[in-house]
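From first to last, the protein sequence lines are chains A and B.
Throughout the first sequence, residue numbering follows the numbering used here, covering 880 to 1269 in sequence.
Throughout the second sequence, residue numbering follows the numbering used here, covering 880 to 1269 in sequence.
Worth double-checking, as some hints may not be accurate.
Which copy is meant is left open, because identical chains are indistinguishable; a pair holds if it fits in one copy or across any two.
[Said to hold, decoys possible] For lysine-lysine, the following DSSO-like pairs were computed, each having C-alpha atoms within a straight-line distance of at most 30 Å:
1) K1036 to K911
2) K904 to K1104
3) K1081 to K1036
4) K1081 to K910
By construction, these hints were calculated from the structure, which means they are not laboratory data.
Number of protein chains: 2
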Amino acid sequence: MNAQEVFDIIRRDAIEIYSEDDFYKKLKSGKKLTVKLGADPSRPDLHLGHSVVLRKLRFLQEAGHDIVFIIGDFTGMIGDPSGKSKTRVPLTFEQVRQNGKSYFDQVTKILEPEKTKIVYNSEWLGKMSFDDVLSLCGKTTVARILERDDFAGRYAKNQSIGLHEMLYPLMQAYDSVAVSSDIEVGGSDQTFNLLMGRNIQKDYGQEPQAVLTFPLLPGLDGVEKMSKSLDNYIGIDEPPEVMFEKCMRVPDTLLGDYFRLTSDIPPQKFEQIMQEDIRRAHFVYAKAIVTLYHGAEAAAQGEARYNAVAAGGTPQKPSEAVLPKGDYPLWKLVSDSGLAVSGSEARRLIKEGGLLMDNVRQNDPNLTVCASEPILLRRGKAKFLKLMFE
Amino acid sequence: MNAQEVFDIIRRDAIEIYSEDDFYKKLKSGKKLTVKLGADPSRPDLHLGHSVVLRKLRFLQEAGHDIVFIIGDFTGMIGDPSGKSKTRVPLTFEQVRQNGKSYFDQVTKILEPEKTKIVYNSEWLGKMSFDDVLSLCGKTTVARILERDDFAGRYAKNQSIGLHEMLYPLMQAYDSVAVSSDIEVGGSDQTFNLLMGRNIQKDYGQEPQAVLTFPLLPGLDGVEKMSKSLDNYIGIDEPPEVMFEKCMRVPDTLLGDYFRLTSDIPPQKFEQIMQEDIRRAHFVYAKAIVTLYHGAEAAAQGEARYNAVAAGGTPQKPSEAVLPKGDYPLWKLVSDSGLAVSGSEARRLIKEGGLLMDNVRQNDPNLTVCASEPILLRRGKAKFLKLMFE
């Protein structure tokens, strides 16, 4: 693949390129380029939304370039300096490194490991003095930072913005300097931060990175962008049968986007299938995605199980969990089993009629369950869990 | 003097006290208090405007408390991080220490040296890491900092505010933590910064300092506050005859303020003199001030000289300067002699008819002067300089 071909394909798929000239020249230089992607330091659970950009990185790897992931552990290890957020607990050094390793394991489902590097920004930000910070801050203005969408909105609404928050975009930008990034990629919602990197590199005497932004994948709800916290995601680490079922739930109107952004199936092909039979198209998509992340055999099993559940039967082999014998309120059984992430989510799930116990829908979260014999819990259509007690 | 008396006098003279309760409790505690005043790291030229607050500090010293001056050398040694200001050249460590010494020499014209301490904020700010900066920034919000008058005005007018500038009030505030300040004093235009110190101390677990603000002294122009850059000042280090002449130029309407804020003469007395004879009141004021800073003898000489000049004569003993023999354009002679601070100021002075050479007004800055015999230069009414050549 020559530079021109790489350029054409990225130009076709990217939302924006800053600037096309810069990007073209870098590709043409014949140099092995450093492609930067910023990563969150908290425990990663990558989903198909992330895969959109990761697949482009894979493409750039195939064109001969190196990927560097920057784990933003510097702020992660500080937590919330204002002390207002109780959820932003500071991470320890060990947690950060462990999360980094897990991140590497997940991204190398898509990327070539030998061309993928993980670095931690505490390595350089942690060494900066107050002088260095002032000098970094001197490169930009308050108005410029307040332009960022979320700041602008909060400022206009008189919502409080901690002064420390103004420094975050600058740190991310300085990361580009630290790794001498040639290209930075990200979702289109990251444009502001990525361009800041470009400017700060100039200020530090570096050639500015080219910035490539790619579309955001809408979530399964068809409204918000895919995100773990909104529970509208398909995780790339999820079990094949869960993944399959979720793929079948992609809204019809979005199936084309999902095909285009997350699968290898060419547009001519998936468009034709979608026109002929939208339900069959869902199966094709689900099989393609599960095959991509778990292989063909798992995909076949996922399909079989999906059909069995759809036909109203119990799947052949539900997940299993073991709990101590005893009396439980139903909501506690559900949260202890891991079928819900918290007691309050379990209560809500039950109240909304989303839980079946031994094939009977239960609506009372406080129902007492005297647990000793195995129980089959079912959440929604496809999540089965066999509970055993000892 | 007991705590109650100190409190009453400060309450009479201060513009604001934050809070009166805190201040009263601190005085009543019987503890020797640390009174903070922030100082500029550039070469100091203290004037009567500064003396307003310094005289209050002297009063607090007499009541048994210690004064700590914080020289803001940390930012002074950095210069302008944005690189936009060509005038804010970074100071060296040696310059800062020298300026600090000169500062000490000047303030001890008013203060007791043994109860006066000078410290440099680079000692603590220079040791702060990026973590520490974030944690400091986390104590406040963007909106809070933008409330400061000058920021609010600039932001509203879309004038650019460097992000580093937002950190300056925080540094000054952190200085209060570093010296465990009990009281901070300042001009009424400093209220925002002083209160920020109060808040930040609370955040760092200290008892918040009491803040006392005092009136700003209007300059000789009767419009702006007294300031060196506006050339409307009476410097406390100026020669007696210059000081005397400037005191005579205080606008009639402001003479009461000058008496009250900068002299030891009680109100009943100066008010009576002003009512009887405003010109005599000026003489009384000028003599009082020159006596304060140069002693009674110098004051008498200053008065004699003033009368001589006013009568059109040459003063008996002008200042002297020595320059190398040679040909000079007139403007260069004036600037080399120190009678003007720069070539362009010298040119302007001459063009505007402000310069007499050997009692003849000269209007051509480029007039060639073949200098070998002594020359008497006169700037304005009262500034005489005898130039000699060798």
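So, going through the hints one by one against the coordinates:
1. For the identical chains of this complex, K1036 and K911 are neighbours neither inside a copy (46 Å) nor across copies (47 Å), given an alpha-carbon limit of 30 Å.
2. In this assembly of identical chains, the alpha carbons of K904 and K1104 never lie at most 30 Å apart, being 33 Å within a copy and 57 Å across copies at closest.
3. In this assembly of identical chains, the alpha carbons of K1081 and K1036 lie at most 30 Å apart only when taken from different copies (28 Å versus 33 Å within one copy).
4. For a Cα distance limit of 30 Å, the shortest separation of K1081 from K910 inside one copy, 20 Å, qualifies, whereas the shortest one across copies, 55 Å, does not.
Consistency with the previously given hints fails for numbers 1, 2, ordered from lowest to highest.
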